[in-house]
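Asks: Construct the complete structure from the given sequences, taking the supplied hints into account.
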Amino acid sequence: MAKIKAAVINKPGRIITIAVMTLVAVIQMFPLIWLLDFSLCNSNEMFTSGILVLPQKIQWNNYYLAFTNGNFLHYLRNSLLINTLAVIMVLIISIMAAFACGRMEWKLKKVASILMVMGMMIPIHATLLPNYVIYDRLRLTDTIWALLIPYVAFSLPQGFFLTSSFMSSIPKELEEAALIDGCGIYRIVAIIIFPLMKASIVTVSIMTYLNNWNEFMLATTYLSSKRWKTLPFCILEFTGQYSSNYAVQFAVMTLSAAPALIIYIILNKHITKGVAMGAVKG
Amino acid sequence: MHNLYSNKKVIFSLMAPGLIVFVTAILAPIILSTYYGFTNFSGIGASSFIGLENYKTLIHDSVFWTALRNSLLLSIGFICIQHPLAMLTAVKLDKLQGKTEGLFRCIFFIPNVISVAVIAYLWKFIYNPSFGLITKVLRALGYTGQLNPLGAGNAIWAVLLVLIWHGFGWGMLIYYTGVKNIDPVMYEAAAIDGASGSKTFFYITLPLMKPVIQVNVTMAVISALKQMETVYLLTAGGPGNETQFMASYLYKQAFQSYKYGYGNAISVAFIAICLVSTVALNRLFAERGE
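Protein chains in written order, with the UniProt record's numbering: chain X, 1 to 282; chain P, 1 to 290.
To be clear, the hints were calculated from the coordinates, so they are not data collected in a lab. Given the structure is predicted, the values throughout are model-derived calculations rather than measurements. A hint or two may mislead.
[To be verified] Derived BS3-like pairs (lysine-lysine); straight-line CA-CA distance at most 25 Å:
hint, chain 1, residue 1, chain 2, residue 2
1, X, LYS172, P, LYS9
2, X, LYS107, P, LYS8
3, X, LYS109, P, LYS9
4, P, LYS180, X, LYS198
5, X, LYS107, P, LYS9
6, X, LYS107, X, LYS198
7, P, LYS95, X, LYS269
8, P, LYS99, X, LYS11
[As the list claims (entries may be wrong)] If you anchor each label on the Cβ, the simulated ranges turn out as follows:
hint, chain 1, residue 1, chain 2, residue 2, range
9, X, VAL111, P, TYR55, 26 to 34 Å
10, X, SER244, P, SER42, 33 to 41 Å
11, P, SER42, X, ALA258, 41 to 49 Å
Virtual Cβ for every residue (Gly too), placed ideally from N, Cα, C.
Replies: If you want it as structure tokens, here you go:
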């Protein structure tokens with residue numbers, strides 16, 4: 001297979017393809033390289049005419065300031081905690097519901113599955129205003145729940161959809177054997193189904209992370225204190241505090257982009273697969 | 001054995017969490033929103049029921065139409081600019097094979113994993129008229145005038161550029177998966193018959209990618225409608241209301257103009273538009289598919 005493909009593309013063709021790909025890569029990466037470059041300069045160097053600047057002295061101090069004054073670790077911890085909890089909840093709830101709708105026998109299961117995926121069509125920001133009133137009444141504003149509830153609710157439809165379609169490909173015989181051995185439904189879900197769902201668990205986790213990691217509007221609306229604010233606030237706070245020191249702002253941006261980028265580079269293959277699977281099916 | 005599978009208590013306990021989340025976090029807010037949409041609530045104090053007044057205002061609100069137009073422009077930008085480029089890149093990328101292929105695939109997706117807040121602030125700097133990247137490139141090319149990409153008249157195009165750039169990797173990856181799923185035997189047959197590269201693309205790749213294209217187009221339209229974060233951080237809907245999208249406009253009405261009731265009316269319209277568009281696109285593609 002590979003041989004034939006290689007035979008179809010001749011050498012000059014391959015070089016042209018690589019050149020074009022490199023051009024696309026440069027377009028995709030240049031703004032980020034620019035960001036990294038200026039984060040290592042001092043602010044005055046930004047006003048020189050060069051498109052990229054070779055800093056006279058690398059300003060590690062920008063990063064030091066960003067790290068110490070930006071509450072970086074605090075916000076990173078919040079982001080990781082909230083997103084991880086959301087992923088766990090989405091996984092558990094969707095696998096349970098997918099089992100009930102896909103395997104068990106009851107009259108309203110079609111209606112229930114339609115309700116579960118309905119949320120996919122509804123924009124999260126349309127609930128921004130009413131939720132504000134609800135959370136205010138329930139005194140949930142400025143708590144972790146104000147973010148967790150909507151994050152879980154709006155990632156659940158996709159999670160349910162993906163787990164359902166994956167579960168339908170698991171043969172029933174396995175559970176039936178367990179049933180004969182006297183295993184209850186809960187144990188079947190936990191011990192037999194759950195471990196078989198690995199691929200879709202990875203996909204759902206990645207999609208949920210990508211959905212919520214960037215979220216910022218709900219966080220800015222529902223949270224007033226620093227307690228549960230997430231990573232994007234690191235940048236927002238800094239642009240206020242160091243409004244004239246652009247280089248430090250660039251360092252903060254680079255720093256906030258780093259965790260997701262590092263995770264992506266490490267898990268690149270899984271993420272690519274997960275997104276592809278999630279998006280094509282969703 | 002089947003008794004166990006139709007045990008009502010078990011079914012209920014498995015479904016309850018999911019349905020509770022749906023009802024409390026999605027359905028209840030929508031119902032509440034519909035209620036507030038009929039009032040002139042300002043956010044605090046008393047309010048009165050004003051019937052369809054908000055919706056009448058909405059129909060004549062030019063900013064609402066601007067927001068819809070912007071979503072439409074963004075959809076067109078996604079479908080006519082981003083997607084063809086993404087698809088061509090995906091097809092070419094597939095032919096590279098080996099490590100180079102993996103490397104480029106990894107690079108193309110990078111902007112997608114970077115938080116919207118970083119992307120928006122970064123592009124604000126790129127567009128900065130005094131030291132931004134765009135200005136510097138233009139100066140290097142010999143242009144001496146002043147250009148403010150985020151100024152009146154230009155801003156919407158500047159916003160579209162960022163969104164098309166940012167979402168490129170996502171679209172590319174999905175087309176790439178589609179290309180990978182095409183049976184290589186098809187290409188072998190075409191090569192044996194002596195089909196040229198462009199013929200292979202138009203007669204094999206494109207028709208076989210149809211389902212993927214349909215999914216991608218639907219997602220593009222929906223994400224164009226839902227657009228909020230990037231535009232809010234980049235321009236906050238300004239200058240004037242030129243770059244307003246539905247979500248950013250309802251936010252502005254509720255929290256900056258203190259028209260909470262009106263904001264909710266926009267939310268309801270927003271949901272309706274998203275539902276109708278999704279259903280319409282699915283219908284359209286389902287009919288075509290048969």
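Asks: Go through the numbered hints given earlier and state which of them the structure violates, listing their numbers in rising order.
Replies: The structure conflicts with hint 6 only, although it agrees with all the remaining ones.
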